[in-house]
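Student: Using the sequences provided together with the hints, build the complete structure.
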Amino acid sequence: MYKLILATRYLLKRRMTYFAVLAVALCVFIVVVVMTVMTGLVGDFKEKNHRFAGDCVVASESLVGFAYYEDFVKKLEGSEFVDSVSEVIKSYALLSPRGRDVSRGVEIMGVDPVKHSRATGFGDTLYYRKNDVSKAFVPSYDVNLPGCVLGIDLALQRDSNSRYAYDSSPGHVGFAVSCFPLTARGALVLGTAPVNTKTFYYSDHSQSGLARVDDSLIYLPFDEAQALCGMDGGAKRINAIHIKFKSDVKLGVGCDEVRRLWELFKGEKADESQAYLLDAVTVQSWLVHRRSLIAAMEKEETMMGAMFGFVGIVVVFIVLVVFYMLISHKSKDIGVLRSVGASSIDIIELFAGFAAMVGLIGSCFGVLGGWQFLLRINKIEGWLFERFGYQVWDRTMFAIGDIPSKISPKVLAVIVVSAVAACLIGALVPSWQAVRLKPVETLQVNQL
Amino acid sequence: MNNNDVILKSEGISKSYRMGATRVEVLKGLDLAVKRGEFVAIIGASGSGKSTLLHILGALDSPDSGVISFEGKDLARQSSRALNRFRNKMVGFVFQFYHLLDELSVLENVSLPAMASRSVLGWFGARRSVNARAEELLTRFGLGERIKHKPYQLSGGERQRVAIARALMNEPRLLLADEPTGNLDSEAGNGIIDVLDELNKAGQTIVMVTHDDRIAQRAGRIITLADGRIKT
Numbered sequence: 001m002y003k004l005i006l007a008t009r010y011l012l013k014r015r016m017t018y019f020a021v022l023a024v025a026l027c028v029f030i031v032v033v034v035m036t037v038m039t040g041l042v043g044d045f046k047e048k049n050h051r052f053a054g055d056c057v058v059a060s061e062s063l064v065g066f067a068y069y070e071d072f073v074k075k076l077e078g079s080e081f082v083d084s085v086s087e088v089i090k091s092y093a094l095l096s097p098r099g100r101d102v103s104r105g106v107e108i109m110g111v112d113p114v115k116h117s118r119a120t121g122f123g124d125t126l127y128y129r130k131n132d133v134s135k136a137f138v139p140s141y142d143v144n145l146p147g148c149v150l151g152i153d154l155a156l157q158r159d160s161n162s163r164y165a166y167d168s169s170p171g172h173v174g175f176a177v178s179c180f181p182l183t184a185r186g187a188l189v190l191g192t193a194p195v196n197t198k199t200f201y202y203s204d205h206s207q208s209g210l211a212r213v214d215d216s217l218i219y220l221p222f223d224e225a226q227a228l229c230g231m232d233g234g235a236k237r238i239n240a241i242h243i244k245f246k247s248d249v250k251l252g253v254g255c256d257e258v259r260r261l262w263e264l265f266k267g268e269k270a271d272e273s274q275a276y277l278l279d280a281v282t283v284q285s286w287l288v289h290r291r292s293l294i295a296a297m298e299k300e301e302t303m304m305g306a307m308f309g310f311v312g313i314v315v316v317f318i319v320l321v322v323f324y325m326l327i328s329h330k331s332k333d334i335g336v337l338r339s340v341g342a343s344s345i346d347i348i349e350l351f352a353g354f355a356a357m358v359g360l361i362g363s364c365f366g367v368l369g370g371w372q373f374l375l376r377i378n379k380i381e382g383w384l385f386e387r388f389g390y391q392v393w394d395r396t397m398f399a400i401g402d403i404p405s406k407i408s409p410k411v412l413a414v415i416v417v418s419a420v421a422a423c424l425i426g427a428l429v430p431s432w433q434a435v436r437l438k439p440v441e442t443l444q445v446n447q448l
Numbered sequence: 001m002n003n004n005d006v007i008l009k010s011e012g013i014s015k016s017y018r019m020g021a022t023r024v025e026v027l028k029g030l031d032l033a034v035k036r037g038e039f040v041a042i043i044g045a046s047g048s049g050k051s052t053l054l055h056i057l058g059a060l061d062s063p064d065s066g067v068i069s070f071e072g073k074d075l076a077r078q079s080s081r082a083l084n085r086f087r088n089k090m091v092g093f094v095f096q097f098y099h100l101l102d103e104l105s106v107l108e109n110v111s112l113p114a115m116a117s118r119s120v121l122g123w124f125g126a127r128r129s130v131n132a133r134a135e136e137l138l139t140r141f142g143l144g145e146r147i148k149h150k151p152y153q154l155s156g157g158e159r160q161r162v163a164i165a166r167a168l169m170n171e172p173r174l175l176l177a178d179e180p181t182g183n184l185d186s187e188a189g190n191g192i193i194d195v196l197d198e199l200n201k202a203g204q205t206i207v208m209v210t211h212d213d214r215i216a217q218r219a220g221r222i223i224t225l226a227d228g229r230i231k232t
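Protein sequences appear in the order of chains R and S. The numbering of the first sequence is the numbering used here, which starts it at 1 and goes up by one. The numbering of the second sequence is the numbering used here, which starts it at 1 and goes up by one.
Think of the hints as simulated: they come from the structure by calculation, not from any bench. Note that beta-carbon positions come from the ideal geometry of N, C-alpha and C, so glycine has one too. The hints are all genuine.
Here are the simulated lysine-lysine pairs, DSSO-like style, with alpha carbons at most 27 angstroms apart:
(1) LYS410(R) with LYS379(R)
(2) LYS90(R) with LYS135(R)
(3) LYS90(R) with LYS115(R)
(4) LYS250(R) with LYS115(R)
(5) LYS438(R) with LYS73(S)
(6) LYS46(R) with LYS379(R)
(7) LYS150(S) with LYS13(R)
(8) LYS89(S) with LYS438(R)
(9) LYS299(R) with LYS410(R)
(10) LYS266(R) with LYS115(R)
(11) LYS9(S) with LYS438(R)
(12) LYS236(R) with LYS75(R)
(13) LYS236(R) with LYS198(R)
(14) LYS250(R) with LYS74(R)
(15) LYS266(R) with LYS74(R)
(16) LYS115(R) with LYS74(R)
(17) LYS332(R) with LYS148(S)
(18) LYS13(R) with LYS438(R)
(19) LYS13(R) with LYS148(S)
(20) LYS250(R) with LYS75(R)
(21) LYS90(R) with LYS74(R)
(22) LYS89(S) with LYS332(R)
(23) LYS28(S) with LYS438(R)
(24) LYS115(R) with LYS135(R)
(25) LYS150(S) with LYS332(R)
(26) LYS115(R) with LYS236(R)
(27) LYS406(R) with LYS46(R)
Under 8 angstroms between C-beta atoms, here's a sample of chain R residues computed to sit facing chain S:
(28) MET1
(29) ARG9
(30) LYS13
(31) ASP333
(32) ALA342
Tutor: Encoded structure:
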């Protein structure tokens with residue numbers, strides 16, 4: 001009992017322990033805020049990529065795509081684990097606003113909007129046709145014109161506050177889309193012109209939250225895109241199939257099952273004239289399919305974790321210094337305690353309890369401060385922007401809305417446990433030193 | 001001397017310390033026996049080894065050679081756990097500079113040995129009786145009104161009485177007092193000796209170290225230490 005009383009009194013009566021508590025609180029505050037924002041950004045980025053790709057993607061590494069997909073799609077749709085499937089044409093094109101002599105390179109995706117919305121989060125990214133995705137490619141100003149869905153940064157400008165200037169309806173703007181149609185062997189299709197060009201009209205825009213997608217992707221009707229890319233003749237071809245699994249199917253299990261079906265399908269089509277195209281097809285989960293983008297964020301998160309590992313080392317050092325000073329001042333107490341029968345373990349427990357208190361109280365203050373700060377982080381950022389024109393993330397460069405501020409209980413638990421552990425480690429050496437003190441030496445007159 | 005009467009016995013105790021390049025022999029084969037209920041004063045010049053002997057007798061320090069036996073048991077053969085228990089239950093220490101814990105109240109300081117021998121749960125079970133015992137001791141030493149005070153709010157004499165009360169908390173069989181009046185004025189010192197005298201009359205065995213002949217005269221037996229040995 002005396003250990004609890006003494007640890008509490010050391011904490012309350014010794015001003016230097018306030019600095020240890022403050023150091024822990026500050027470190028926990030910083031780690032909570034940064035890790036919450038970072039974890040939120042990475043989680044948000046992953047979620048956006050998941051919404052973009054669906055659960056599993058069967059895709060060709062070649063621009064010429066692969067044939068016989070209808071048979072494979074039928075197999076998938078007949079499977080118990082598949083919820084929905086979307087065939088996709090994917091290629092590159094030149095985009096020229098009508099009436100202007102400028103063009104830029106873009107990525108095109110030919111999709112059936114209804115099927116693609118079922119398999120991915122495409123429908124949720126639309127603005128005007130969110131509630132009726134079947135009309136995603138139907139311009140509201142003329143239903144007879146062929147429509148296209150532009151990435152939001154191709155369609156809208158940002159205002160001085162970096163916010164998009166939305167209109168109540170899409171503007172009547174046409175875009176000429178030019179593609180190089182390719183044969184199954186990868187050569188240009190021999191026709192009247194080496195380039196297929198067709199004009200599409202702005203029917204909606206898509207905000208996926210992925211900067212590269214929103215800045216350089218346009219969605220076209222599936223059949224139109226297939227024709228533009230020269231994939232509609234003979235054995236029709238596509239570039240990818242996006243698949244959504246039923247909710248009770250685990251990602252790995254579902255992907256393995258698709259892989260199995262694909263191998264069977266490849267065997268069945270081995271004698272077909274364009275079977276060689278199937279060799280360039282891979283079956284990947286959305287995580288692997290988008291790995292090149294996600295890995296960079298995860299690496300950044302790991303590096304942040306490592307940096308805050310160093311912050312933890314600073315806490316250990318501060319606690320070590322405080323405890324070293326405290327124990328130097330309290331050597332007499334240790335002698336007195338040993339003289340009334342306290343064991344070495346009792347002395348270690350006393351200082352470990354004290355360290356745990358410093359860690360817990362510091363963590364509580366840090367978590368409380370971090371939580372309050374995160375509750376207001378977007379208001380603070382808004383205020384900084386209005387007052388000083390400063391944004392933590394320039395929204396014209398980073399496709400994020402609000403700064404993530406949702407604290408993860410798991411992250412919080414890890415931070416608090418780490419803070420207490422850091423304090424215990426910091427107290428370890430001085431406590432061990434205290435145990436090694438000879439009671440006689442600490443009680444000598446010249447030690448007072 | 002009947003062996004049953006002897007509570008503490010030391011035989012051939014030697015102790016030396018290293019001071020720089022030289023080794024100083026403080027105790028040189030010292031023999032001592034203390035009977036139950038005895039009040040022994042150990043006197044000697046400064047540096048004669050009085051305090052060292054007292055610390056060895058109370059198992060706060062260990063001799064280089066020789067045997068210390070308490071109630072017939074060799075302390076050197078006891079485990080560290082048994083020695084902790086020995087310091088907690090069998091002996092009570094009173095130091096020249098009181099050595100009270102500044103963070104604890106007078107009552108908590110006195111209760112410290114009782115707290116040290118109990119777990120948190122055990123403490124809650126025995127709290128009332130322990131506090132009653134601590135209050136009884138403090139009242140007995142005229143400090144009944146000071147139980148909530150902190151040590152720094154007390155005079156030197158009062159602090160030493162608190163230290164004596166702490167030493168007696170677990171009703172030890174042996175009280176070891178190291179210069180208990182050394183830091184007090186004459187009046188306060190006499191008060192402390194009166195307390196020790198009274199305790200001895202009630203049956204408490206006391207070994208007291210002092211350099212003051214006048215104080216030593218109050219003890220039942222005086223042992224003089226000189227050159228690391230008992231002067232006969």
